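Chain B: place on chain A using the hints.
So the protein sequences, as listed, match chains A and B. Under the working numbering, the first sequence has 24 at position 24, and the numbering climbs by one with no breaks. Under the working numbering, the second sequence has 141 at position 141, and the numbering climbs by one with no breaks.
Misleading hints may appear alongside valid ones.
What the hints assert, rightly or not - Covered stretches of chain B, as calculated for chain A (at least 3 residues, CB under 8 Å): (1) 29-41; (2) 78-88; (3) 158-167.
To be verified - Computed from the model, here is a short list of chain A residues facing chain B with C-beta under 10 Å: (4) Leu44; (5) Trp311; (6) Arg313; (7) Ser359; (8) Thr527.
Quick caveat, the hints were computed from the structure, so don't treat them as lab data. All values derive from a computational prediction rather than experimental measurement. Quick reminder that beta carbons are idealized off the backbone N, C-alpha and C, glycines included.
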Amino acid sequence: LIVRALAAVLLVGCSVPEGEYFGRVPEPDPTHLRWCNVAEPEYLDPALAVSTADLRVLYELFDGLTTFDENASPKPSLAERWEISDDLRRFTFHLRRDARWSNGRPITSADFVYSLARVLHPLTASANAETLWRIRHGKPYSAGTARLVLADGGGFRAGEAVAVEPEAPPTNLRRARGALELVSSPGGGEVWGRVPGGSELTIVELDPTRAWAYVFFAEDDGLYGWAPLAALDAPHADRVYAVTGLDRPAKGELRGRDLLMLPELLGVRAPDPHTLVLETEGPTPFLLDLSLGRAFRPVPREAVSRHPKRWVRPGNIVTSGPFHLTFWRERDRFELARSPTFWGARSVRLERVTIYSMSEQSANVNVYFQGGCDALASNGVPPSMLPALAGKKDYTAAAYLGSYFYLLNVERLPSVHLRRALSHALDRTSLPRLLKGGQIPSVSLTPGKPIATLTDGELALCGVTRDTPGVAMIVETGKHCYVPPRGAAFDPEAARRELELARAELGARFPRVVTVRFNTGFEQHKTIAEWVQNEWKRVLGLDVELESMEWKTYLKATLAREYDAARYGVVGNFADPEAEFLPQFKCASPDNRTGFCSAELDRLMAEAADERDRGARLALTRRAEAVLLEEMPILPLFVYTQHVLTRPYVRGLHVNLADHQSLRETWIDPDWRRAGR
Amino acid sequence: VIRMIAARLLGALLVAVCVATLGFFALKAAPGGPFDGERRVQPEVQRNIERAYHLDWPLWKQYAHYMAGLARGDLGHSMKGTSTVNEIIAQNFPRSLQLGLLALAFAVVAGVGLGVLAASRHNRAADHVAMSIALLGISVPSFVLGPLLITVFALRLGWLPAARWEGFASMILPAVTLGLIYMGTIARLTRSGMLETVRQDYVRTARAKGLSERRVIWKHALRLGILPVVTYLGPATAYLITGSIVIESIFQVPGLGFYFITSVTNRDYPVLCGIMVFYCLFLVLLNLLVDVAYGLLDPRIREGR
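Bound-form chain A, shown alone:
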């Protein structure tokens, strides 16, 4: 015990570093950036990548139609310019002509057609497929039910889109008549692999002559390639399928031979190699924001086909971004080198980038402290270290595109008065002191920057004054701002008033004890839960029990609505409340964990979805969020903050709300001491 106490004293005594900067500022190498990532990336494949750790590497390797500007808003990249139709349903992108893959092949619109269809295809099993459901027929395509009618019949014309039953036998299934070579292009080319006679293959697409099929062979790690259609038997050719029109209400029956799921079904067209046309389901004002995401970033067919699961490994990988992957060791690091084939290579100033995969926050901070990396990505700092960082010049704390809130189970806490009382009882301004992480207290679902920190221009755009409480989200720089409505803020009087109303309303059904659930793994959740317990007892006299659970168990319990109140958080990919924050609270959401269902909220969201004017859409979204905060199935607590450490010599590594950066303009200033900061 004495030893432990001694250790604690030593730790506290030794770990507070002095000076302007945190730790030692190493002599910079002007060509090389070392970036400490916050976790082990699992996937680099744009179809499969989900975590922020994945994306930090992926976005340097794969370019998109657009890329992040310093606010993480879209700016031209593979697309030089674009036109948007008045109904916001048709987007024409003009691709730059000098874009190349790292193997030298030009990047064309055909790469986008292939890649978007790939993300949606059920065989790819992409967790990001939903992002592309905005594309016409994207949803039935990823469900595997969409079919193209190949010949007139059954009341349908060739070229029409129909849907088959979800469990119908696969129309695209083929059987190789004899041993086959899968080749790199229709008509021949390089041999990518061989399949034995009798193998089952799945048709993914057909060439324009309809004589060759691009097929998938599932053995081992899988293989894609082109094969002559004439060499394939169709086991379900004569089967009769019940079909429903996707574009008009019609039903009919068609033979298997006349139905195929093909990329032509999708609202993705390549009229020429440098033009890409996207058609969306309904007006989509945030399509450009979506285009920044991983699901929209093209991938090279030649690399994916040969190694569907392992094409992102060094040696196999073909990239399009400012950097190329040269080395990867799990649980250690990624080495990236400037890609000479990148269209903007001349303006990329870093020659090498090392991204360390570090999952342990304290190890991350220690390595940074010792000079082992030039920047530490957000969320890499353990909360206990934050006080020591305050005031350091290389430390930035900023609002993050995520909200922390409590779910309130409306089935177990059925009175809106009770839910409001619970919210009124919490003085969120004490959270930053309690958690020491600069959290931004909030009584709204949608996150944003504190209004008090906005620029004058932003204040004018948002139509608020600096003393307005709450946060605001800049949805489109200079054009649209979203100021979320506010729910029940701290007010002990109102809390007790609402509690009395709830008691009267519920009578014997008034809960004797309120159970708060939270997941283990982060000390913060426990601290917050204890604070909530304390405040509800103090202000409302409620008995509160705390229950912690392992993460996956917790997810399942909240989904089964086995809780009274439970912590939750939501983080958006881009700044748009309609696309990223409200959908979870629609009645039919697969993420509906509270049991809350409001016809009014659903109606407002549906109305917004049909609206062409983005301002009007946001106004409707705001009314929907107001409904949510009126009914309070959630109890907002704070907006997340990001904690970033960046050496003074690193330039152009921007901190922004969505925490997305591109290193293509990042550089290192060896004369930083003279240049000042």
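Relative to the frame of chain A, chain B by itself:
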């Protein structure tokens, strides 16, 4: 002897099958699946993912599929990332092994040294100091010791790297932290073993022959005095190599321990079962080796056979 080895190996295979079965069903019984996350994907998307990983199959079929692979020596594919379990083990186990062996070397050298020192200065100041160090090593948990050593030697003095596995310097702190507990035990075992042997007749004979004290202690007494240590080395090596999970996390050592933990939280049964099976076979082999070594060291056992 060969029959004994064969029986041991056969037993190991049986245990491996049981362990794999246990791991498989334990993870399947735990709530949630590998692809559950904060944001739930749409049911259509979920179905595609489940199909890709055969999670839509009935449980018996998944189990049979997995065990069939296991029989071929194929530990399966991780549910996360692009690696197979065989690759994960091949890439990460050598680092756990390296760390464990370094820690063992440290524990043995420092432990035996302290033990001999203490025994030869029995009940004098050096004895007390040595045994206090040993006690400290045993009683301070590594999650306290690790950060403490990092703070002093990495952050304050700047002598050694605080984390990551690159070059010998980076291995010193994790190996010492991991080895300290075992160093303590080894020191105590050595000391008591030595105290016992120095009283034995053959040691007295050696002294009577006029051999130097150093030669008596190091050549004659130590040989028998460290037998309890050798017995202890088997389990210690096993723990050091397979039990470095906490150290790996503190020092960010890319070893197998990380995968052991994440496979449970991810419900990634191929990884969990694969590592368990691998460790199981590894431990059996290790015990065999220890038995053989024991025979070689103690003449009485050697001659008894």
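The hints, checked one at a time:
{"no.": "1", "hint": "29-41", "verdict": "holds (count 11)"}
{"no.": "2", "hint": "78-88", "verdict": "holds (count 5)"}
{"no.": "3", "hint": "158-167", "verdict": "holds (count 6)"}
{"no.": "4", "hint": "Leu44", "verdict": "8 Å, holds"}
{"no.": "5", "hint": "Trp311", "verdict": "9 Å, holds"}
{"no.": "6", "hint": "Arg313", "verdict": "7 Å, holds"}
{"no.": "7", "hint": "Ser359", "verdict": "7 Å, holds"}
{"no.": "8", "hint": "Thr527", "verdict": "20 Å, violated"}
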